[in-house]
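Engineer: Listed here are the chains, written in short residue letters.
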Amino acid sequence: MNNIVVGLGEVKISNNPNDILVAYGLGSCLGIAMYDPVTHVAGMVHAVLPSCDDTTEINEACSKYVCCGLEVLLQKMLRAGALRTRIVIRMAGGANMLASTTFSDVMNIGFRNIESSRRKLSEMKFKIAGEEVGGNIGRTVRFYVADGRMAIRMMGGKERDV
Amino acid sequence: MKDPYTHEQFSEKLRPLLEVMAGEGIQNAVKGLSQMTGQQITVTEPEVTLVPLVNIPDLLGGPENEAVGVYLRAEGEMSGQIMLVFPYERALKLVDLLIDEPEGTTQHLGAYERSALAEVGNLTGSFFLNSVATMLGLEARPTPPAVMVDMVAAILDVIIATAAGVSEHVLMLSATFMQGDREAEASFWVIPDPRVLEAFLEGKN
Chain A
1 MNNIVVGLGE VKISNNPNDI LVAYGLGSCL GIAMYDPVTH VAGMVHAVLP
51 SCDDTTEINE ACSKYVCCGL EVLLQKMLRA GALRTRIVIR MAGGANMLAS
101 TTFSDVMNIG FRNIESSRRK LSEMKFKIAG EEVGGNIGRT VRFYVADGRM
151 AIRMMGGKER DV
Chain B
1 MKDPYTHEQF SEKLRPLLEV MAGEGIQNAV KGLSQMTGQQ ITVTEPEVTL
51 VPLVNIPDLL GGPENEAVGV YLRAEGEMSG QIMLVFPYER ALKLVDLLID
101 EPEGTTQHLG AYERSALAEV GNLTGSFFLN SVATMLGLEA RPTPPAVMVD
151 MVAAILDVII ATAAGVSEHV LMLSATFMQG DREAEASFWV IPDPRVLEAF
201 LEGKN
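If you're matching them up, the sequences are chains A and B in order.
Just so we're aligned: 103 in this note's numbering is position 103 of the first sequence, and the numbers increase by one with no gaps anywhere.
Just so we're aligned: 199 in this note's numbering is position 199 of the second sequence, and the numbers increase by one with no gaps anywhere.
Calculated directly from the structure, the hints in this document are not laboratory data.
One or more of the hints may lead you astray.
25 Å max Cα-Cα, derived DMTMM-like pairs, lysine to aspartate or glutamate [to be verified]:
(1) A:K158 to B:E139
(2) A:K125 to A:E10
(3) B:K93 to B:E119
(4) B:K31 to B:E45
(5) B:K31 to B:D100
(6) A:K125 to A:D147
(7) B:K93 to B:E139
(8) A:K76 to B:E168
(9) A:K76 to A:D19
(10) A:K158 to B:D58
(11) B:K31 to B:E202
(12) B:K93 to B:E75
(13) B:K13 to B:E202
(14) A:K158 to B:E45
(15) A:K158 to B:E64
Kindly generate the complete structure, drawing on both the sequences and the hints.
Structural biologist: Structure below.
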């Protein structure tokens, strides 16, 4: 198996069944994945912040934002041969790393990332098939191109499916 | 807002000031830590670096490494973020030292142990800020610290998420605390808010 690292603000696509798309140690960041089970085209965005303003041009430079990152991911999926109506969505991350402290209200970017992705996915008419979001723990997210399975691992824990 | 990190005056005007701040401030922070633990703790040469955000998760040995982060904000004229990151095993040993127990006693980090580590953040942060206040006349107060026990990348997401809306880089004052055996004890980072850097550049401070 071949790990393809999806770094901060990146969008990665693959249709090679030997590939695994991996985002390591997501805290407040979100890993959102799309999968077409027929063509086996898989993609993931590693988004950092909730939303960009409406005037921002959709290009890869803005994929660190949830809203723009999802658009870039969809475009790349379609270009790689995915069919929009077959796309399945899974996501993980969006933790509040500063939970139960004086920071938690003003700086809960994880929560805002989750809200933003749900709103954007709903606008795009996508349903979320599986998610493991929120809480206050970091997660490594793996997305298996062979079968569209998303698995997470937390500190000291074993990998399990979302 | 103009990205203060790519400002043409960055290298000539800002860097020397920040280097003094890093040198004096971090030396003072480590002095505080030595007093607190009763151990001779030394520090590597403090550095001022402009770090691309995308590189941050890999800076401390690997994104999935288990670590403890103590995070606080500085509020006031010298506002910014302060982060201390310990490798997990070192954090356990440091707690033993702080609560005066033989090495190996602490096996996990509960509320009591976390509050001991929070105190380390509080003390080093305060010593750093006091030093900056004395040197540059810039007032700042530390907020109460937050302690995170998690993967390095998840801990550092706090810094990344705070900075990512403004710039693709963070300007970081950093050093590594070392104990007698030269084993790395902790990484100490100070990340001034962009507005502070802008004020420096415009000569308002």
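Engineer: Look at each hint and say if it fits the structure.
Structural biologist: Hint check:
{"no.": "1", "hint": "A:K158 to B:E139", "result": "violated, 46 Å"}
{"no.": "2", "hint": "A:K125 to A:E10", "result": "holds, 23 Å"}
{"no.": "3", "hint": "B:K93 to B:E119", "result": "holds, 15 Å"}
{"no.": "4", "hint": "B:K31 to B:E45", "result": "holds, 14 Å"}
{"no.": "5", "hint": "B:K31 to B:D100", "result": "holds, 19 Å"}
{"no.": "6", "hint": "A:K125 to A:D147", "result": "holds, 23 Å"}
{"no.": "7", "hint": "B:K93 to B:E139", "result": "violated, 34 Å"}
{"no.": "8", "hint": "A:K76 to B:E168", "result": "holds, 23 Å"}
{"no.": "9", "hint": "A:K76 to A:D19", "result": "holds, 17 Å"}
{"no.": "10", "hint": "A:K158 to B:D58", "result": "holds, 22 Å"}
{"no.": "11", "hint": "B:K31 to B:E202", "result": "violated, 32 Å"}
{"no.": "12", "hint": "B:K93 to B:E75", "result": "violated, 31 Å"}
{"no.": "13", "hint": "B:K13 to B:E202", "result": "holds, 10 Å"}
{"no.": "14", "hint": "A:K158 to B:E45", "result": "violated, 39 Å"}
{"no.": "15", "hint": "A:K158 to B:E64", "result": "holds, 13 Å"}
Of the numbered hints stated above, those contradicted by the structure are hints 1, 7, 11, 12 and 14, listed in ascending order.
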